[in-house]
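Throw the hints in and build the complete structure from the sequences for me.
Residue numbers (my numbering), protein chains in the order written: chain E, 1 to 350; chain L, 1 to 94.
No lab work stands behind these hints: they were computed from the structure.
Built from N, CA and C at the ideal position, the CB exists for glycine as well.
There could be a bad hint or two in this list.
[Stated by the list, open to error] Output of the computed footprint for chain L on chain E, the stretches with three or more beta carbons under 8 Å from beta carbons of chain L:
#1 66-74
#2 106-114
[To be verified] Label-pair distances were calculated between CB atoms; the ranges are:
#3 E:S86 to L:Y53: 36 to 44 Å
#4 E:A210 to L:R75: 48 to 56 Å
#5 L:V86 to E:R103: 19 to 27 Å
#6 L:G17 to E:D55: 39 to 47 Å
#7 L:H19 to E:D169: 39 to 47 Å
#8 L:G78 to E:Y297: 25 to 33 Å
#9 E:Q202 to L:R75: 46 to 54 Å
[What the hints assert, rightly or not] Far from chain L, some chain E residues (derived; all Cβ distances over 12 Å):
#10 Y207
#11 P231
#12 D250
#13 G280
#14 E316
Here's the letter readout for the chains.
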Amino acid sequence: MPQYPVAWLVTTGRNRAIDGLRRERTLEDKTRLLRNDRLTVTMDEIDLDDSTVADERLKLIFTCCHPALATEAQVALTLRALGGLSTREIARGFLVPEETMKRRLSRAKAKIKAAGIPFAVPADRLLPDRLSAVLAVVYLIFNEGYTDRGDLASEAIRLGRLLAELMTDEPEIYGLLALMLLHDSRREARVVAGELVPLAYQDRSRYDRAKIDAGRSALGRALALRPTAGPYVIQAAIASLQADENIDWDEVTVLYEHLERLTGSPVVALNRAVAIAEAGSAGRALELVESLDLGDYRYFHSTRAELLRRLGRDDEARQAFERALRLAVTDSERRFLARRLSELWPSDGS
Amino acid sequence: MNAAYLALRDDPRCLGGAHLQPAETATTIRDNLGETLITDGPFADTKEVLGGYYVLDASDLDEALEFAQRIPAIRLGGAVEIRPLVVIPAEDAF
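Quick look at the structure:
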């Protein structure tokens, strides 16, 4: 900032003042300005990307996932600039009209330009925060495609692979990649004939072995880089256990405890409750679930419903399934919940 | 229009001013339990009042954010909005 801001403001011709400031800039500053000018070009070329060299792609990821952009804009920009999806496909993936997605993208591009969001890999001290923003966007894309939108999930895995190629020594990148591969390995078993199949009922012969192997090797790489695991690495370790023939639910519970300490997230606590239930104590799991404040989070209600059902509290289970059904967002989830509900009717005399 | 703005600027009582870019270009910084929260968009809580401003010369948004994050008001429950200025430039066209 100028040494005397008010004096700077008083100067009659603002542009002349700015020119003056520019004259005083060092050569390094001038180079920085030049780089800014290039940002404009790069973001305009967003539509004909793909040939961009590795180094430029990495910068582009950080630009697209800058925290000064709204999350949905980060997601859309990342998919458009680095994924292989057209604006129409992204719009379809997120259930918005193509025009809306077009506006969202051009607004985001305009903000990058006007606000001066840098086209660069962030400085070391910013890197941990910025990298976790990038990983969050990739994971969000993956989750969007978790049940019904396999194309989005594949796109997220592609982005994860790209990141792992571009930054070879970040354990959390491998952790996220492993997590996505391991979850995706169960895709064919998770939704069958349009209906969600819970883990315990999945046909393991439908698991994609190659993806499980790739996921486990990414997990191994992450752990080799840093033995103290971050949140994605822990989740990948959980997913790896869940790909086993006989799942060690006690071990899964321990990992969720660890993850909960790291993130303080009630959603993680909810998952820990599921692990506790699978390890054999539905009662203790329900106690934990009911202590959580998760409002209208749909999996809170479906988990609670399932636990009530296992404990034979059918009336309450039905109510909870009904609420979960109202909150469900994909057809496969709806079909599964509707089936559970229909199973609860005949067994009840009231 | 332009002439009217020029006349205002030439009024000796006018000490300065700048044309802000539209609100869509704003970025807001807040404190969330000790962590800096950076979000897209302007600071819109009308119950609050504007308490001051800095005019800053930064080479990009990260540099502006770094400066803005040092403003103590953020730690006291306030928010800081960063808004680019319109640098007009007759000859410096797009």
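Each hint, compared with the structure:
Restraint check on the segment 66-74 of chain E versus chain L: 6 residues with Cβ-Cβ distances below 8 Å, three needed, restraint holds. For the segment 106-114 of chain E, the stated coverage by chain L is satisfied: 4 residues place a CB nearer than 8 Å to a CB of that chain, which reaches the threshold of 3. Distance hint check: the CB atoms of E:S86 and L:Y53 are about 42 Å apart, consistent with the given range 36 to 44 Å. At roughly 51 Å, the beta-carbon separation of E:A210 and L:R75 lies within the given 48 to 56 Å, and the hint holds.
Between L:V86 and E:R103 the beta carbons are some 22 Å apart, a value that agrees with the proposed interval 19 to 27 Å. Between L:G17 and E:D55 the beta carbon distance is about 41 Å. The supplied range of 39 to 47 Å therefore holds. Remark: the range hint 39 to 47 Å for L:H19 to E:D169 is upheld by a beta-carbon distance near 45 Å. For the pair L:G78 and E:Y297, the supplied restraint of 25 to 33 Å holds, since their beta-carbon distance comes to about 31 Å.
Checking the proposed 46 to 54 Å range against E:Q202 and L:R75 shows it holds: the Cβ atoms sit about 49 Å from each other. The claim that E:Y207 lies off the interface holds: its Cβ sits roughly 39 Å from the closest Cβ of chain L, which is beyond the 12 Å cut-off. At roughly 15 Å, the least C-beta separation between E:P231 and chain L is larger than 12 Å, which holds for a residue marked as non-interface. The Cβ of E:D250 lies farther than 12 Å from every Cβ of chain L, with a closest approach of about 32 Å, so its non-interface assignment holds.
The Cβ of E:G280 sits about 36 Å from the closest Cβ of chain L, beyond the 12 Å cut-off, so the non-interface label holds. Every C-beta of chain L lies more than 12 Å from that of E:E316, the closest at about 35 Å, which supports listing it as non-interface.
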